[in-house]
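Peer 1: For reference, the chains in residue letters:
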Amino acid sequence: MTSSADHHGGHFTLGRRRFLGFVLAAPTLVAAARLGIGEAEAAVPSNPQASEAYDLNDALTDAARPTANLITVQVNPDGSASFALPRAEVGQGITTAAAMLIAEEMDLPVDKVHVSLADARPELMFNQLTGGSNTMNAMYTPIRVAASIAKGRLLQAAAAELDDVSGTLTAREGLITSTTGAVLSYGDLAEKAAAQQDSTVETQLKPESEFRIVGKPQRRVDALAAVTGKKQFTTDLAVPDAKPTMLCRPPTINGSPGAVRNTAEVLEMPGVTDVVPISSGVAVRAETFGQCIDAVNALRVDWEPGPVEGQSDDSVLAELKAATPPMAVPEVPGAKSVDAEFAFAFVNGSALDTNAAVADVRPDRAEIWSSMKVPIVAKQEIARSLGLPQEAVRVHVTEGGGSFGRKLFHDAAAEAAEASQKMGKPVKLMWHRVDDCRQGRVHPMSFSRIRANFNDDGVLSFEQHHASVRTDFSHGLGEAVSQSVSRAPAGGVGLSESIFELTQNSPYNFGATKQLLTETHQSPEENQPRGTFNTSSVRNVYSPNVRCAQELVVDQLAEQFGEDPYEFRREHVKNDKLRTVLDKAAEVGEWGKSLPEGVAQGIAVHTEYKHATACLVEIDCRPETVNRPIRDGVTGPRVTRGVFVTIPGQVVVNPLGMEAMIQGGFLDGMAQALTASVHLVDGHVLEGSWDNFFYARQWNVPFDFQAVILPPDPQDQVAGAGEVGVAASFAAVACAYARATGEVPTTFPINHNGPLAFEPKPFVPPLPPSPTDGLRYTY
Amino acid sequence: MPEHTFKLNGEQVTVDVQDEERVLWVLRDVLGVTGPKYGCGINVCKACTSHINGKAFNPCSVRIADVGADDEITTIEGLPATAGAELHPMQEAWLEHDVAQCGYCQPGQIMAAVAKVRQAREEGHEIRESDLDEIRNICRCGTYFRIREAIRTGEQNM
Numbered sequence: 001m002t003s004s005a006d007h008h009g010g011h012f013t014l015g016r017r018r019f020l021g022f023v024l025a026a027p028t029l030v031a032a033a034r035l036g037i038g039e040a041e042a043a044v045p046s047n048p049q050a051s052e053a054y055d056l057n058d059a060l061t062d063a064a065r066p067t068a069n070l071i072t073v074q075v076n077p078d079g080s081a082s083f084a085l086p087r088a089e090v091g092q093g094i095t096t097a098a099a100m101l102i103a104e105e106m107d108l109p110v111d112k113v114h115v116s117l118a119d120a121r122p123e124l125m126f127n128q129l130t131g132g133s134n135t136m137n138a139m140y141t142p143i144r145v146a147a148s149i150a151k152g153r154l155l156q157a158a159a160a161e162l163d164d165v166s167g168t169l170t171a172r173e174g175l176i177t178s179t180t181g182a183v184l185s186y187g188d189l190a191e192k193a194a195a196q197q198d199s200t201v202e203t204q205l206k207p208e209s210e211f212r213i214v215g216k217p218q219r220r221v222d223a224l225a226a227v228t229g230k231k232q233f234t235t236d237l238a239v240p241d242a243k244p245t246m247l248c249r250p251p252t253i254n255g256s257p258g259a260v261r262n263t264a265e266v267l268e269m270p271g272v273t274d275v276v277p278i279s280s281g282v283a284v285r286a287e288t289f290g291q292c293i294d295a296v297n298a299l300r301v302d303w304e305p306g307p308v309e310g311q312s313d314d315s316v317l318a319e320l321k322a323a324t325p326p327m328a329v330p331e332v333p334g335a336k337s338v339d340a341e342f343a344f345a346f347v348n349g350s351a352l353d354t355n356a357a358v359a360d361v362r363p364d365r366a367e368i369w370s371s372m373k374v375p376i377v378a379k380q381e382i383a384r385s386l387g388l389p390q391e392a393v394r395v396h397v398t399e400g401g402g403s404f405g406r407k408l409f410h411d412a413a414a415e416a417a418e419a420s421q422k423m424g425k426p427v428k429l430m431w432h433r434v435d436d437c438r439q440g441r442v443h444p445m446s447f448s449r450i451r452a453n454f455n456d457d458g459v460l461s462f463e464q465h466h467a468s469v470r471t472d473f474s475h476g477l478g479e480a481v482s483q484s485v486s487r488a489p490a491g492g493v494g495l496s497e498s499i500f501e502l503t504q505n506s507p508y509n510f511g512a513t514k515q516l517l518t519e520t521h522q523s524p525e526e527n528q529p530r531g532t533f534n535t536s537s538v539r540n541v542y543s544p545n546v547r548c549a550q551e552l553v554v555d556q557l558a559e560q561f562g563e564d565p566y567e568f569r570r571e572h573v574k575n576d577k578l579r580t581v582l583d584k585a586a587e588v589g590e591w592g593k594s595l596p597e598g599v600a601q602g603i604a605v606h607t608e609y610k611h612a613t614a615c616l617v618e619i620d621c622r623p624e625t626v627n628r629p630i631r632d633g634v635t636g637p638r639v640t641r642g643v644f645v646t647i648p649g650q651v652v653v654n655p656l657g658m659e660a661m662i663q664g665g666f667l668d669g670m671a672q673a674l675t676a677s678v679h680l681v682d683g684h685v686l687e688g689s690w691d692n693f694f695y696a697r698q699w700n701v702p703f704d705f706q707a708v709i710l711p712p713d714p715q716d717q718v719a720g721a722g723e724v725g726v727a728a729s730f731a732a733v734a735c736a737y738a739r740a741t742g743e744v745p746t747t748f749p750i751n752h753n754g755p756l757a758f759e760p761k762p763f764v765p766p767l768p769p770s771p772t773d774g775l776r777y778t779y
Numbered sequence: 780m781p782e783h784t785f786k787l788n789g790e791q792v793t794v795d796v797q798d799e800e801r802v803l804w805v806l807r808d809v810l811g812v813t814g815p816k817y818g819c820g821i822n823v824c825k826a827c828t829s830h831i832n833g834k835a836f837n838p839c840s841v842r843i844a845d846v847g848a849d850d851e852i853t854t855i856e857g858l859p860a861t862a863g864a865e866l867h868p869m870q871e872a873w874l875e876h877d878v879a880q881c882g883y884c885q886p887g888q889i890m891a892a893v894a895k896v897r898q899a900r901e902e903g904h905e906i907r908e909s910d911l912d913e914i915r916n917i918c919r920c921g922t923y924f925r926i927r928e929a930i931r932t933g934e935q936n937m
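Chains U and A supply the protein sequences, listed in that same order.
Take the first sequence: its letter number 107 is residue 107 in the numbering used here, and every next letter is one higher.
Take the second sequence: its letter number 47 is residue 826 in the numbering used here, and every next letter is one higher.
With the rest of the complex left out, here is chain U:
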């Protein structure tokens, strides 16, 4: 963004800018702020590469700005504060960060702030979308304003109560103290500070120099619940009569049920209460999920083929290649070029908590519980499909056991609502893991073609044409972005292209630079629900693949110039921040140290989500490491060391939380480079479990990993952390592998085209039988 201070919301440079908020009529004190305040205004930069100045975060924030609706901080009679966060907590730590912001601004202990997840609130429009690592960017100021107003109001009430006109009352740890030693707690004042009617209030935020909580490592507010098993996820909820429900799903992706041959027979099975076909399969409700699994496997269903029947990895890749336009930059006389092509396989997007929802649909109303990042869209679509008015559908957002793009969609909630309506009973619907792998949303396959022209003077041009299977943005991220996209330089192009423009850039000065996205599977039929592959962004939409391809070419360019990959990057990065993180990564990771043959380092940078990042890895590709035996697991090259450095924007609310997200993002990037993909064969995904889809496991984890968070850049906006670790890590691992083996990989993950590492489970019946030999594996 531009660097003018007031443009920036002023909370750093003009730390004492005044903000407007509200106190609302309520039995105890309720302070409110508008979402969208304090954020940067839309700026249309003239820069040739859009995402450097105006990125997806800006687009999401801008999209939310016109909504005039409020978030509220309530002060309770026990002195605690409550806040319903209009976002989804799926492990990224935003409930902790929100509690810290409120505690800081109110001068309360963090454990006195209760953050829950708000139900779907349609009036918030696009401001109830959790995605693009945008939460802290969009919520930082509004949460502080509401909390600040609450504290101001408490001080006023205390002054009235104590007849204090001195203006010297101080608030600390939930207590207000006068110079004469009188003490009132926030609890004493919760009702006295309450408003009889709504009114507008002006407030000043605490200067960031006085922060005592924000910016300091804070353990998660839900940690105790997590380690004692008390944290509740969707399937842990005890909604009356919401009995276990599972679907018998088609053998091929998005097939649909025809005749069910043995409904009566399955209804006779132990515990089974209902067998009902719905759009995506045949729903079975029983007393236990164990009974559901057995009943699903007993069903005999005639299946209609799905929309991608017959398609395989090879056919999709051929389609992507055909859709990639030829290079536009002409060959330059006397110049040489590096030409490269890379293929990226489909990647499983499963969270550990499979798609699940509870639904209680009655003739005149419905209530839904699920982990959803776009609950407003869920509410609207479910109401429409049930034939109920939107107000008759209550949608509760539950804590999610991971998301990885999945929870941008409400697939399980839609199915649960349909099943509950057709059965006339409440259901607790859960996807079996096999279905989650085979029918669940995946990161789309993509293909990248790059040409870099150079001569003795340097790199003259860098051109990248990236083709991807359509990423489904129908969850509303699309609408949010498309609404504001006319204000961005990419105005007028399609949605996916807009998101691509807003997120992608080259961090290097390589002369004329051009990037282009083409998406396949975009016909009107394919754009219907379940119309083609089920895709989602899966932690970073385009960047991991796009940047991995670029960085591998950067290493090849360095080689052409006879330069060290780190030094070459140093010379060509576009700004000092990238040079700083690169230097730090090289320093901490001891770039260039002597290593045995078959072991090498790789280094890469990336800019996104208001971070400048660099990653250095060391990988061991020696045969004794690659071939180390692990039962039912993939070993392969082992990353033995990782260093990830970032300069985040403006402020790091919780360094401990950001570090955790960087560690997780690193493992994601590493796994996508080495082992994590799904195989598409004849319309089926072969992978059906965690011992088929090889996301990182303990035996893949580096022995040494350091996340280095450098001081934030006050000129940039508040950084998000959810996805920031992935892209540079993916690229650095790929570069390290190429240097260790002397071969530049062209397909990712590198083992994707090798022999299949597992025996695919059958497709009919759809679920593997529940094992009975568990006692043989005790330890």
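Everything labelled a hint here was simulated from the structure, so no lab data went into it.
Any given hint could be a false lead.
Said to hold, decoys possible - Here are the simulated EDC-like cross-link-like pairs (lysine to aspartate or glutamate), alpha carbons at most 20 Å apart as the crow flies:
1. LYS230(U) <-> GLU928(A)
2. LYS834(A) <-> ASP773(U)
3. LYS834(A) <-> ASP910(A)
4. LYS230(U) <-> GLU875(A)
5. LYS422(U) <-> GLU287(U)
6. LYS230(U) <-> GLU865(A)
7. LYS786(A) <-> GLU875(A)
8. LYS216(U) <-> GLU875(A)
9. LYS593(U) <-> GLU563(U)
10. LYS230(U) <-> GLU856(A)
Claimed, not checked - Derived coverage of chain A by chain U (criterion: at least 3 residues anywhere in the stretch with Cβ under 8 Å from a Cβ of chain U; other residues may be distant):
11. 809-818
12. 830-839
Bear in mind that the values here come from a model prediction, so they are computed numbers and not experimental data.
We put the CB at the ideal spot given by N, CA and C, even for glycine.
Based on the hints, put chain A in the right spot on chain U.
Peer 2: Chain A in isolation, oriented as in the chain U frame:
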């Protein structure tokens, strides 16, 4: 339906379920003990890891008929009592290292960690990198680094 009785977290319980029912669903759907999580149902993800007679096992893969009246099952809910404390030292270590992110896998991770330390002790050594590499529990958030650190801390206090 047949009656099955076993010890759960220190108390004798009796349930009326089919012999074939897997223990995970007896715990979760019948008894409402939801600490052990479902993540695969085929003994791969290990999210449901609990203890039977002090050893780690996965209740998704054991029939209730194979659990006897003298068998003692411990879930995350009953783990602190085995150490006679509010929290088991391994849970304390988890808090100290702020291991959890979404938290879904963490009950299983902690139960696996406790068993792994006991196993190493029985074999007469401290936890080694190779022992940690053997832990199969999936954490999709990628908390593996902190899990490794916390197990070493928990081991010291067990």
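Peer 1: Decide if the proposed pair is consistent with the structure: LYS216(U) and GLU875(A), CA atoms, cutoff 20 Å inclusive.
Peer 2: holds (15 Å)
Peer 1: Would you check the hint for LYS422(U) and GLU287(U), treating anything up to 20 Å between C-alpha atoms as holding?
Peer 2: holds (18 Å)
Peer 1: For a C-alpha distance cap of 20 Å, please report whether LYS230(U) and GLU856(A) respect it.
Peer 2: holds (8 Å)
Peer 1: Taking beta carbons only, do three or more residues of the stretch 809-818 of chain A come closer than 8 Å to chain U?
Peer 2: holds (count 8)
Peer 1: LYS230(U) and GLU875(A) were given as a pair; does the straight-line alpha-carbon distance stay at or below 20 Å?
Peer 2: Status holds; Cα separation ~18 Å.
Peer 1: Assess, step by step, whether the Cα of LYS786(A) is no farther than 20 Å from the Cα of GLU875(A), and give holds or violated.
Peer 2: violated (31 Å)
Peer 1: Holds or violated: LYS834(A) with ASP773(U), Cα cutoff 20 Å?
Peer 2: holds (15 Å)
Peer 1: Is it true that the CA of LYS593(U) sits at most 20 Å from the CA of GLU563(U)?
Peer 2: Given that 20 Å is the threshold and the Cα spacing comes to 16 Å, the pair holds.
Peer 1: Would you check the hint for LYS230(U) and GLU865(A), treating anything up to 20 Å between C-alpha atoms as holding?
Peer 2: holds (14 Å)
Peer 1: Is LYS834(A) within 20 Å of ASP910(A), Cα to Cα?
Peer 2: holds (16 Å)
Peer 1: Tell me if the straight-line CA distance from LYS230(U) to GLU928(A) falls inside 20 Å.
Peer 2: Violated - the C-alpha atoms of GLU928(A) and LYS230(U) are around 23 Å apart, more than 20 Å.
Peer 1: Under a C-beta cut-off of less than 8 Å, do 3 or more residues of the stretch 830-839 of chain A approach chain U closely enough to confirm the stated coverage?
Peer 2: Holds, because 7 residues of the stretch 830-839 of chain A bring their Cβ atoms closer than 8 Å to Cβ atoms of chain U.
Consistency note: the structure conflicts with the earlier hints numbered 1 and 7.
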